[in-house]
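Chemist: Sequence:
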Amino acid sequence: MNTMSDHYERVKIELQQMKAMESEAAANEEQLSPASVSSVPADASFAARRDLSRSSINGRSRSKSRSKADGHERQVNGKLMSDLTPQKTDYSLEKVQSCASNVHNIKGTLSLLKGKTATNGHVEACQRQTEGKVDGSKVAKKRRAVTVDTSKAKTSLEALKMSIRQLKWKEFPIGRRTACDIYWHGVSFHDNENIVSGQVNKFPGMIEMLRKINLSRAVRTMQELFPEEYNFYPRSWILPEEYQLFSTQIRLLKDNDSTLKPTFIVKPDSGSQGDGIYLIRDPADLRAISGSQIKQAVVQEYIQKPLLIDKLKFDIRLYVLVRSLEPLEIYIAKEGLSRFCTEPYQEPSQKNLSHVFMHLTNYSLNVHSGNFVHSDSCSTGSKRTFSSVLYRIASKGVDIKKVWSDIIALVIKTVIALVPELKVYYQADIPPGKPGPTCFQILGFDILLMKNLKPVLLEVNANPSMRIEHEQEVSPGVYEYVPSPVDEEVKVGVIRDTLRLMDPAHRKQHVTLNTGGGSPEDAIAAETRGDEKEGLMDSLPTLCLKQVFPKYTKQFNNLRVVERIAAIFLRFLGVKGTMRLGPTSFRTFIRNCKLSNSSFSMASVDILYIDITRRWAGMLPDSREAGMCLQAFIEAFFYLAARRFKAVPLREQVVLLLEVCEGALEGQSHSEKPRPHRSQPTQSSAPKTFSSPAVTRRHHLRQQPMQLSAKANTEN
1 MNTMSDHYER VKIELQQMKA MESEAAANEE QLSPASVSSV PADASFAARR
51 DLSRSSINGR SRSKSRSKAD GHERQVNGKL MSDLTPQKTD YSLEKVQSCA
101 SNVHNIKGTL SLLKGKTATN GHVEACQRQT EGKVDGSKVA KKRRAVTVDT
151 SKAKTSLEAL KMSIRQLKWK EFPIGRRTAC DIYWHGVSFH DNENIVSGQV
201 NKFPGMIEML RKINLSRAVR TMQELFPEEY NFYPRSWILP EEYQLFSTQI
251 RLLKDNDSTL KPTFIVKPDS GSQGDGIYLI RDPADLRAIS GSQIKQAVVQ
301 EYIQKPLLID KLKFDIRLYV LVRSLEPLEI YIAKEGLSRF CTEPYQEPSQ
351 KNLSHVFMHL TNYSLNVHSG NFVHSDSCST GSKRTFSSVL YRIASKGVDI
401 KKVWSDIIAL VIKTVIALVP ELKVYYQADI PPGKPGPTCF QILGFDILLM
451 KNLKPVLLEV NANPSMRIEH EQEVSPGVYE YVPSPVDEEV KVGVIRDTLR
501 LMDPAHRKQH VTLNTGGGSP EDAIAAETRG DEKEGLMDSL PTLCLKQVFP
551 KYTKQFNNLR VVERIAAIFL RFLGVKGTMR LGPTSFRTFI RNCKLSNSSF
601 SMASVDILYI DITRRWAGML PDSREAGMCL QAFIEAFFYL AARRFKAVPL
651 REQVVLLLEV CEGALEGQSH SEKPRPHRSQ PTQSSAPKTF SSPAVTRRHH
701 LRQQPMQLSA KANTEN
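Here my numbering is used: the first residue of the sequence shown is 1, the next is one more, and so on.
Keep in mind that the hints were calculated from the coordinates and are not lab data. Just so you know, these numbers come straight off a predicted model, no measurement behind them. One should not assume that every hint holds.
What the hints assert, rightly or not - The calculated SDA-like cross-link candidates involving lysine to any residue, where the alpha carbons are at most 25 Å apart (straight line), are:
1) 351 to 280
2) 311 to 355
3) 295 to 269
4) 311 to 268
Construct the complete structure from the given sequences, taking the supplied hints into account.
Modeler: Next up, the structure:
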């Protein structure tokens, strides 16, 4: 009886397993996409990948037919069971066949294969828990392929497709009715408005934050608090609002020292790929539009003594992954691009200011120069790998570890400056408790090395080009795209390893890893070693992305002061989806943090709010939302800190006021959450004259003696 009972149970279990596998196969077949079934090994030759890239670039037709399954009979314990035999190109059905064939080899007790439905509508990979062994070895876990929606990918499409093939994931080039694990957008978080789950490769507000003016404002705020830490960003003026200030300071500078001949570079606020950039030596040379109206732009000191290689000026494009904002996670690619000018460099003079091929390193400009050199080598030509440049300067005795250390510090500090306002944008689009995706983003940092090897931040790109091909003229007026080995070497690795880090399976382990002191890199490395040992996948290279935060938290956590101010701002916004603080909420902030007293009445608070908000509304003409923005709130916070703690430097004033506010709010949170009060303004009479010192605080940097980096350039 026991033998028959055991046999009956085994047959019953196997029947349940086969039914589960059949239903999973049917589901997978319905969800297959034409572009998802092909796979190219990670170690495929460059020539083969080049041909594949060319084929896709030229838009050759692809097969739209679906893989079909043929039935055949398989005998299990004396009984005939129907099974699916997939075509060889169908990767997902091959996994089903593999699962089915393993049933015959299982000895001992078996556990059921369960199809688990996730909250986002996906069918998760079945996990096999075995109490026995298969032919003396443990049964390997089979995970379902991660799904990627590439319908909005645009210029990064070819590198993305190559990365997905190397990972053997599923691509959906025209979208998918059910949710995908990852959505790859080409421009903005809002490329697709209907995403309620998964992960998107763009943060809300990143494009706005990385415009020239907003980046300058964010860094300027940090320069007020940490002037020595943020001296990697050239002194800047925002046009047109600071035109008079710029003119006055340059005139005074030249009056004090007639030998100084500084040069400035003008960058349009929304310009890209070098469009509209030009050099000037005098404020009168600023180009105007619509009569006397100056276009919104940033004017910066021009670095007159850059590091040169082969007598050419160059910059560095480094790719940085912001994996999350809370907690903050930053990765830097170990390899980058060095983009060279195509005309030998000379220090700027009135005669050569218009020589863009000498002064501007933008690839989109220099590629049109007759001297531009396309090279298949990573160490020659007008575009090279950053590592080849490091080897070149290391041969002259330069400490490249110090160079890398300084670059890493620059990247972390810049991201820390951006995070406060990014959190405001994020909460406006995805309020707490509202269904929505999580976000990550690859940024392009453009960095210039000075002659003394100090890195200088030029700008940060929200949508860095990820093209792995370039135009080549094959006959007069006829161009075709040909693969670029240097671009492919760098960019495919960045995208592939970004996807590996964003693998949903690894994100689930995030909390455990942080608690145990590990990192996602450790998990990926361990999983890859395990897969190689079991022979389940082709070997992938080690991660080209290096985690720098929170790895270096101790060195940089003290810089996150403005982020703490932003947390208070977000607490009092009150209305979900808004980015501006109303007058009632500002009064509530003052009251709950106990910042008013007999010498600073609530009427004075109202005047302060109106004064600062009105000025910022004039500086942000495109804004349609009324109220106090985060930058205006930061200015008000600086004023309140300076008013309360007068005998210490600004940084200490702000930290002391933060401790006061956080202490008051922490005590209040034990009783109830702060709610905007609907009370009327107090009857206390306002002072007859109220001139907000916030105006003076906002010009804190402007009142300091002007120190151009050209002076620092003369050190070497």
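Chemist: Quick one: which hint numbers does this structure break? Sort them smallest to largest.
Modeler: Result: hint 4 breaks, nothing else.
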